[in-house]
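Asks: With our numbering applied, the first sequence corresponds to residues 335 to 917, in that order.
It is worth saying that the hints were derived from the structure and are not from the lab.
Check the hints yourself; a few may be wrong.
[As the list claims (entries may be wrong)] Label-pair ranges, simulated between beta-carbon atoms:
| no. | residue 1 | residue 2 | range |
| --- | --- | --- | --- |
| 1 | Arg560 | Ser455 | 15 to 23 Å |
| 2 | Val496 | Arg679 | 49 to 57 Å |
| 3 | Leu476 | Arg560 | 20 to 28 Å |
| 4 | Met423 | Gly366 | 18 to 26 Å |
[As the list claims (entries may be wrong)] BS3-like cross-link-like pairs, simulated, lysine-lysine; straight-line CA separation at most 30 Å:
| no. | residue 1 | residue 2 |
| --- | --- | --- |
| 5 | Lys493 | Lys622 |
| 6 | Lys677 | Lys690 |
| 7 | Lys720 | Lys672 |
| 8 | Lys888 | Lys909 |
| 9 | Lys622 | Lys715 |
| 10 | Lys720 | Lys677 |
| 11 | Lys833 | Lys524 |
| 12 | Lys702 | Lys720 |
| 13 | Lys715 | Lys677 |
| 14 | Lys677 | Lys732 |
| 15 | Lys833 | Lys774 |
| 16 | Lys891 | Lys909 |
| 17 | Lys677 | Lys891 |
| 18 | Lys732 | Lys720 |
| 19 | Lys690 | Lys720 |
| 20 | Lys732 | Lys774 |
| 21 | Lys648 | Lys690 |
| 22 | Lys672 | Lys648 |
| 23 | Lys909 | Lys524 |
| 24 | Lys715 | Lys732 |
The beta carbon of each residue, even a glycine, is placed where N, CA and C say it ideally should be.
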Amino acid sequence: MRSHNCGELSAGDLDREVRLAGWVGARRDHGGIVFINLRDRYGVTQVVFNPERLSRDDFEKSAALHSEDVIQVRGRVTRRPAGTENPRMSTGEIEVLAEGLVLLNRCAPIPFEIDEAAQVSETVRLGYRYLDLRRPVMQRNLILRHRAARTAREFLSEKGFVEVETPLLTRSTPEGARDFLVPSRLDPGKFYALPQSPQLSKQLLMVSGLDRYFQLARCLRDEDLRADRQPEHTQIDLEASFVEPEDIQDLVEEMVARIFQTVNGRPLERPFPRLTYQQAVDVYGSDKPDRRFGLEITDVTELAAAGGFEVFRKAVAAGSRIKGLALPGVDPSVTQLKGYEEKVRELGARGLVWIKAAGGNFQSPVAKFLGPEILAGLAGKFGLEKGVIFMVADADRKASLLLGAFRLMLASDFNLVPPDRFCFLWVVDFPLFEHDEESKRLTSVHHPFTAPRPEDLDYLESEPLRVRSQAYDLVLNGTEIGGGSIRIHQAELQRRIFKILNLEPAAWEREFGFLLAALERGAPPHGGLALGFDRLLTTFLGLPSIREVIAFPKTQKGACLMTGAPSEVSPEQLKDLDLRRIS
RNA sequence: GGGGCCGUGGUGUAGCGGUUAACAUUCCUGACUGUCGAUCAGGAGAGCGCGAGUUCGAAUCUCGUCGGCCCCGCCA
Numbered sequence: 335m336r337s338h339n340c341g342e343l344s345a346g347d348l349d350r351e352v353r354l355a356g357w358v359g360a361r362r363d364h365g366g367i368v369f370i371n372l373r374d375r376y377g378v379t380q381v382v383f384n385p386e387r388l389s390r391d392d393f394e395k396s397a398a399l400h401s402e403d404v405i406q407v408r409g410r411v412t413r414r415p416a417g418t419e420n421p422r423m424s425t426g427e428i429e430v431l432a433e434g435l436v437l438l439n440r441c442a443p444i445p446f447e448i449d450e451a452a453q454v455s456e457t458v459r460l461g462y463r464y465l466d467l468r469r470p471v472m473q474r475n476l477i478l479r480h481r482a483a484r485t486a487r488e489f490l491s492e493k494g495f496v497e498v499e500t501p502l503l504t505r506s507t508p509e510g511a512r513d514f515l516v517p518s519r520l521d522p523g524k525f526y527a528l529p530q531s532p533q534l535s536k537q538l539l540m541v542s543g544l545d546r547y548f549q550l551a552r553c554l555r556d557e558d559l560r561a562d563r564q565p566e567h568t569q570i571d572l573e574a575s576f577v578e579p580e581d582i583q584d585l586v587e588e589m590v591a592r593i594f595q596t597v598n599g600r601p602l603e604r605p606f607p608r609l610t611y612q613q614a615v616d617v618y619g620s621d622k623p624d625r626r627f628g629l630e631i632t633d634v635t636e637l638a639a640a641g642g643f644e645v646f647r648k649a650v651a652a653g654s655r656i657k658g659l660a661l662p663g664v665d666p667s668v669t670q671l672k673g674y675e676e677k678v679r680e681l682g683a684r685g686l687v688w689i690k691a692a693g694g695n696f697q698s699p700v701a702k703f704l705g706p707e708i709l710a711g712l713a714g715k716f717g718l719e720k721g722v723i724f725m726v727a728d729a730d731r732k733a734s735l736l737l738g739a740f741r742l743m744l745a746s747d748f749n750l751v752p753p754d755r756f757c758f759l760w761v762v763d764f765p766l767f768e769h770d771e772e773s774k775r776l777t778s779v780h781h782p783f784t785a786p787r788p789e790d791l792d793y794l795e796s797e798p799l800r801v802r803s804q805a806y807d808l809v810l811n812g813t814e815i816g817g818g819s820i821r822i823h824q825a826e827l828q829r830r831i832f833k834i835l836n837l838e839p840a841a842w843e844r845e846f847g848f849l850l851a852a853l854e855r856g857a858p859p860h861g862g863l864a865l866g867f868d869r870l871l872t873t874f875l876g877l878p879s880i881r882e883v884i885a886f887p888k889t890q891k892g893a894c895l896m897t898g899a900p901s902e903v904s905p906e907q908l909k910d911l912d913l914r915r916i917s
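Please model the complete structure; the sequences and the hints are all you need to start from.
Replies: So, in structure tokens, the structure goes:
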């Protein structure tokens with residue numbers, strides 16, 4: 335149907351007789367001559383309809399073409415007349431003089447223009463996603479996604495990893511996110527769960543001796559959506575036997591660098607820095623620090639409590655720490671600073687103390703309590719000549735986390751995030767457990783199959799919160815793009831963990847009995863990681879939302895605006911599944 | 001579960017107690033043989049997401065509801 339695509343013709347093809355097919359883009363009708371931009375996935379080529387070159391019939395058809403009609407053109411490649419070349423088009427030196435035109439399909443009126451510049455609300459875009467995906471940017475995103483996936487597959491294949499598909503219909507397990515459930519028709523009243531990740535499957539493949547597994551795996555979680563979260567997302571999931579954390583980290587760094595090269599066309603600096611969980615929280619107030627800018631958190635408890643500010647003294651006496659960060663070079667208004675006091679309270683702080691510094695002078699609501707020496711001392715501690723110091727007093731960890739959230743707010747408000755920077759880091763040495771307020775019990779920070787660090791094993795029962803895990807997260811620009819761990823490969827240790835998590839033995843034997851049985855039968859030491867593929871691409875491409883790299887995403891309420899999913903089903907379908915609505 | 005922002009011709013916006021609901025673009029008609037965001041002339045197209053209420057009067061105010069987006073919780 336076509337001899338060339340719309341992006342490949344150039345001055346090297348002059349005089350060639352060609353056939354092109356594609357969509358009618360911008361049309362310029364001069365009465366006696368008609369120009370159109372013919373577009374396909376590969377590019378845009380100008381086609382000229384001149385009545386001297388084609389039949390009267392075809393010329394009249396060309397004048398009646400509409401945007402997004404699908405046509406086939408036969409014609410000759412010619413150099414554009416001097417002065418009419420278009421340097422903004424890769425095919426701008428040439429044009430195709432049409433000698434024949436076939437209208438392959440008409441296009442009904444469309445809700446928005448297929449134009450890079452057109453501003454269209456996401457609601458409308460999602461309602462006509464096939465048109466939205468006709469836009470070159472979206473095609474670029476999907477193509478880069480494909481190339482990245484291909485790079486990952488090639489890389490892992492080279493390294494001896496075997497791609498294995500794991501079930502979509504699996505067993506619901508108690509830990510973790512809410513499951514999507516699928517009712518069983520053959521066994522009424524029972525349900526499959528869609529996998530939140532292939533975690534257990536891949537561990538079992540290690541027990542099988544497959545040694546190295548990977549999968550571009552769809553993961554499904556029935557939780558609330560965000561800009562970086564969809565109910566189904568794709569992970570580059572991998573697992574290997576006889577490995578230590580560094581083996582996985584090195585491998586993943588190499589792979590991520592290669593994907594980055596594919597997508598962004600340049601190399602990455604390696605190795606990625608490593609930060610312990612404790613350092614990350616202390617310095618950045620987050621377990622996924624954004625290190626594209628400074629604003630590091632400093633503990634100033636001793637200095638700040640030494641002054642006459644009662645609030646600080648009392649807080650410290652009650653066990654709080656005073657921490658702060660400095661915003662250099664700025665001169666915000668008092669109104670703006672008061673606004674921040676309010677915002678930080680909304681984050682859960684009891685208050686926010688600010689000190690404006692400029693050339694040795696200080697302005698602060700608490701200046702008279704702290705006194706000149708302490709003010710100067712704080713400025714020195716933060717290395718601040720001119721700018722603002724912000725401080726909070728709260729329990730150690732809470733103070734850090736508050737400032738961590740505040741830090742992101744400031745970076746965004748004062749435009750401190752440099753564009754086109756990619757700050758990767760590993761966060762390691764996570765605690766194995768954390769205390770869950772709601773259920774009043776211990777829960778796993780990662781998942782219950784994560785191995786503790788061997789040197790902390792003795793504290794498992796006595797001081798479980800002190801136990802660190804062999805888990806590692808890969809963080810990029812403040813986004814967690816991957817996480818993994820060395821897994822527990824011994825049934826006995828796995829049972830100890832279940833016990834500490836306060837799971838009933840009967841329950842875990844029922845839910846995870848198959849895993850324990852497998853671990854008892856020659857399970858090798860193993861570990862792995864999963865990379866959030868959609869997030870990785872979103873961040874690499876600097877896009878605002880994960881939806882930009884997913885062909886058919888859901889809205890925040892989990893709906894597909896194009897198909898109308900989720901939808902009601904017929905009474906017959908429900909009956910087959912032994913289901914009935916109760917509300 | 002909670003907080004915030006937003007729903008006005010096909011699309012993107014303006015209007016924020018009394019307007020013939022404005023602008024741009026798309027679309028339609030006509031003119032035009034070198035345009036490329038073509039140009040020029042003319043025309044069509046919304047009663048303001050939906051429902052109550054306040055008011056002499058509501059796109060503008062209030063409440064509810066539906067939908068979209070951002071965030072907290074949640075997401076091992």
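Asks: Decide, hint by hint, whether the structure agrees.
Replies: Outcome of the hint check:
A C-beta distance of roughly 19 Å is found between Arg560 and Ser455, which places it inside the suggested range of 15 to 23 Å. Checked against the hint of 49 to 57 Å, the C-beta distance between Val496 and Arg679 comes to roughly 53 Å, which is consistent with it. For Leu476 paired with Arg560, a C-beta distance near 22 Å keeps the hint of 20 to 28 Å intact. A hinted range of 18 to 26 Å holds for the C-beta pair Met423 and Gly366, which are about 23 Å apart.
The straight-line distance between the Cα atoms of Lys493 and Lys622 is roughly 29 Å, inside the 30 Å bound, and the hint therefore holds. For the suggested pair Lys677 and Lys690, the alpha carbons sit about 18 Å apart, so the restraint of at most 30 Å is met. With a CA separation close to 19 Å, the supplied pair Lys720 and Lys672 stays within the 30 Å bound. For a cut-off of 30 Å, the pair hint linking Lys888 to Lys909 stands: about 28 Å separates their Cα positions.
Restraint check: the Cα-Cα separation between Lys622 and Lys715 comes to about 25 Å, which is no more than 30 Å; the hinted pair holds. Annotation: proposed proximity of Lys720 to Lys677 holds, straight-line Cα distance about 23 Å (limit 30 Å). Restraint check for Lys833 and Lys524: satisfied, since their Cα atoms lie roughly 27 Å apart, inside the 30 Å limit. With a C-alpha separation of about 19 Å, the suggested pairing of Lys702 with Lys720 holds against the 30 Å cut-off.
Using a Cα cut-off of 30 Å, the hinted pair Lys715 and Lys677 holds, with the two alpha carbons roughly 25 Å apart. Between Lys677 and Lys732 the CA atoms are separated by roughly 16 Å; this keeps the pair inside 30 Å, and the hint holds. Pair hint Lys833 plus Lys774 holds up; C-alpha atoms about 15 Å apart against a cutoff of 30 Å. The suggested pairing of Lys891 with Lys909 holds, with an alpha-carbon distance near 27 Å, which does not exceed 30 Å.
Distance hint between Lys677 and Lys891 is fulfilled; the C-alpha atoms sit about 27 Å from each other, no more than 30 Å. As the CA atoms of Lys732 and Lys720 are separated by approximately 28 Å, the hinted pair is consistent with the 30 Å bound. Restraint check for Lys690 and Lys720: the C-alpha separation of about 8 Å stays at or below 30 Å, so the hint holds. For a cut-off of 30 Å, the pair hint linking Lys732 to Lys774 stands: about 19 Å separates their Cα positions.
Only pairs whose Cα atoms come within 30 Å are accepted, and Lys648 paired with Lys690 is accepted, the gap being roughly 24 Å. Under the criterion of a C-alpha separation no larger than 30 Å, the hint pairing Lys672 with Lys648 is consistent with the structure, at around 23 Å. Restraint check for Lys909 and Lys524: the C-alpha separation of about 14 Å stays at or below 30 Å, so the hint holds. Simply put, Lys715 and Lys732 have alpha-carbon atoms about 21 Å apart, close enough for the 30 Å limit, and the pair holds.
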